[in-house]
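Go by the hints and put chains B and C onto chain A.
Residue numbers (this note's numbering), protein chains in the order written: chain A, 1382 to 1808; chain B, 461 to 637; chain C, 1088 to 1382.
These are computed hints drawn from the structure, not numbers from a lab.
All clues stand as given, with none of them false.
For lysine-lysine, the following PhoX-like pairs were computed, each having C-alpha atoms within a straight-line distance of at most 20 Å:
(1) C:Lys1104 x B:Lys545
(2) A:Lys1387 x A:Lys1423
(3) C:Lys1326 x C:Lys1232
(4) B:Lys473 x B:Lys518
(5) C:Lys1112 x B:Lys545
(6) C:Lys1113 x B:Lys545
(7) C:Lys1104 x C:Lys1225
(8) A:Lys1700 x A:Lys1782
(9) C:Lys1326 x C:Lys1316
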Amino acid sequence: MRILIKGGNIVDPSSGVNRRGNILIDDGIIHSYPERTKTIEKDAETRVIDAAGKVVAPGFIDMHTNLGEPGYEHKETMRTGSMAAAAGGFTTVVCMPSTVPVNDNASVTEYILFKARTEAVVNVLPIGAITKGLEGAYIAEIGEMREAGCVGVTDAQYPVMDSRVMRLAMEYTKAFDIPVITDCQDVDLATGGVANEGYISTMLGLKGVPSASEEVMVSRNISLAELAGARLHISHVSTKGAVRLIREAKQRGCNITAEAAPHHFGLTEQAVIGYDTMAKVSPPLRTEADVVALKEGLRDGTIDVIATSHSPHTEDEIKVEFDLAPFGISALETALQVSLQLVRDGVLTLPEMIEKFTVKPAQVLGIPKGSIRVGATADVVIFDEHELVTVDRATFLSKGKNTPFHGAELTGRVLWTIVGGEVVYSV
Amino acid sequence: MCTKTVMGPELIKEAVTRIACEIVARNSQVEDLRIIGVRTRGVHIAERIAVGIKHTAKEKPLIGVVDITLYRDDLRRKSQWPEVKRTNIPFNVDNKTVVLVDDVLYTGRTARAAMEAIMDYGRPDSIQLAVLIDRGLRELPIHADYVGATVDTSAAQTVKVLLEELDGRDEVIVHGE
Amino acid sequence: MSSEEITHILDTSESMKEVSTRDVKKVPVLRGATVVNLFFEPSTRTRSSFEIAEKRLSADVLNFSLSQSSIVKGETLLDTSRNLVAMGASVIVIRHSMSGAPWVLARELNSSIINAGDGSHEHPSQALLDLFTVREIKGDIRGLKVLIVGDILHSRVAGSNIWGFLKLGAEVRVAGPPTMIPSYVEDFGVKVFYNLDEALDGVDVVMMLRIQRERQEGGMFPSLREYSKFYGLTQERLKLTDGDVLVMHPGPINRGVELSSEVADANQSVILDQVANGIAVRMAMLYVVSTGSLS
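Excised from the complex, chain A in its bound form (with noise of 0.2 Å):
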């Protein structure tokens, strides 16, 4: 089976392309450019696809996605949260180690590659935890989940709060070459929170999450890092102050990244008036200034990768008070879409909107990813960058229909995602 991906807009940061032209794909790998497509066309084992107008991209990574499994089967399943990443573009996607059981051993790790390999359409990447059980106390068996595929570790939510712990397991996984990737928070500052401290957490009655617990986990970590020498990635960063922070730090050669969550540069604190609980998340949505903030950083490259923080709750779950709702968004199907207004506003251009879904994340992860050139694995994307789309969180294909984008009115529909030469989505 070829498919012959006809006259769209070709953007591949990791080789410099943007152009206009052709692909061809056989046997799973991008077989070349042709410039002359009536010869291929005639082959009747040859789908052809017509892609004029269209953008034509390497399939998205996301660094950061909760798939539900093991554990959470009512919230995702390996089915439905990769088809809801292969409708928003994305062709592989990291899945986090909070799952019932932990993955914090090999064996966690190999259940969830074999429900992969069986049920997702699209390349799940598990990342394990840094302690077992996610509990900050002793690292958990990092270098045999690395042998079993993990690509990274993290305690996810539970960030690691003792410093020793946390020294301790970045000097141990640098024997493995994966990132160590943390979410910043300290939790005693944050206790009990559940929106941005500020005046609208205090009009709304609301326990606030400062901005100082995300700032002094960032700057922890930064120094521990530099300390032990390791490969640090922050995850979903929401404060002005973080970005300062790593921007710094990488300026005196720091081996840091981070990434970006959509609803982090979408939406401000004023999405969870009327206590809208698909608009809680943690970190919580932020201020304008923050908002401002993150878009700097995207731009000048401080921060490296757009990642969605992907976390589908039930119905049942998201309407009860909101101290009590789960953290968390939806985010996969809008992802693409949130992220295309830094290109109309300005801040990024599509190349360097697209590098942040594909070449980043692949660099971070130490994956052969993110690339359509001559060779590679075919996960490929085409999206119309223009169409205007009304978002209606029932028609997402996720379990989660948890999404304060609900009825935005958006630009930007995925109509084809390949993986490994397959369509897995298309319009």
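Relative to the frame of chain A, chains B and C by itself:
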């Protein structure tokens, strides 16, 4: 659509004077008489009747005000700004003769609500009803003891009583076919 | 709520207050309507006040109290409320320990919802009764200097009162230990004082908030003794104001902590007027939500 004046200032004045005389004639103990006007127009007519009684009996009876909003039977018909004005009955009604005064007697529901309200203040010897206009079309077994004028109307019509104190002139108008 | 809506409820409360002066303290306006007091937090006085208000309007009253633990385990708030609606409740009066809980109901149910206090967010009936009490005695709210003292951070009473008094044109000050003053409160347009003596200068109304002992355990202040020394209202401190200041407290009072006994029982204290007015204001709220489209 037609509009007809059924009473002018002279007729209204005459009617009020006559009602005052009839009240005194029927109730010899003027000191036991209490006049209570139903908000809003009944209050002003009650005042005029009390003045009329003073002319005849040399004694002005005490006056109260009743707001029947909390006694209405049409609560379920919602409005944006449901208004409750104050009821003010600054005297004891026990063993007194209360003359309830309203501008128009129509279905009888207002009079019923007003009687219920008054009885929450005590136990009058009797309650009598005085109205400027009786337009018929009763829905409850209620009749007025003192009537300024009787006007035959249909349910499609509206009867509007204009008073000097509120509207700048005295007039009773019937709107509609 | 707009200032017109607040004024409308205060005006209606005046008429309702008159009902409580009659021989028969009851009007039939809510006859046949079922009002449920859905309390997820123990609050005998607010619940009793609502219950009396409901009964004076002739509503059928059902008290439905749930323990704190049932919020977390078992039936969801929405399911509990749907049960009550199925039983015919036309108005639900809800008290909940979590901010925004009434919004869950307002979004999903057709019944009228009255917020009887949610978390550290709002306590509208308390604020309205405070506004009513001040307006009744001072005549007008506009231009008054109102001082609220104590745990502003966790207090729904403070939250609603700051908003209500500002809306009606008063100057609002808050005073208390900095750990109990929300960091963004100035953005609402109030003046912040950490020194009570300075805060008292020239005020017309002093509203003392109840200090909750749990806060001390949470490390918000070192001891009740120290709190009382710096933020308790005493006769000496009251002398810093001019004579006709009103002293208010939402109750229940900790005598000797936020208020000395002499102050609680002094002429300036309108604490018991607040309690009496609470019934009238709650009657007005019930009437307005049952018959109008205000919420």
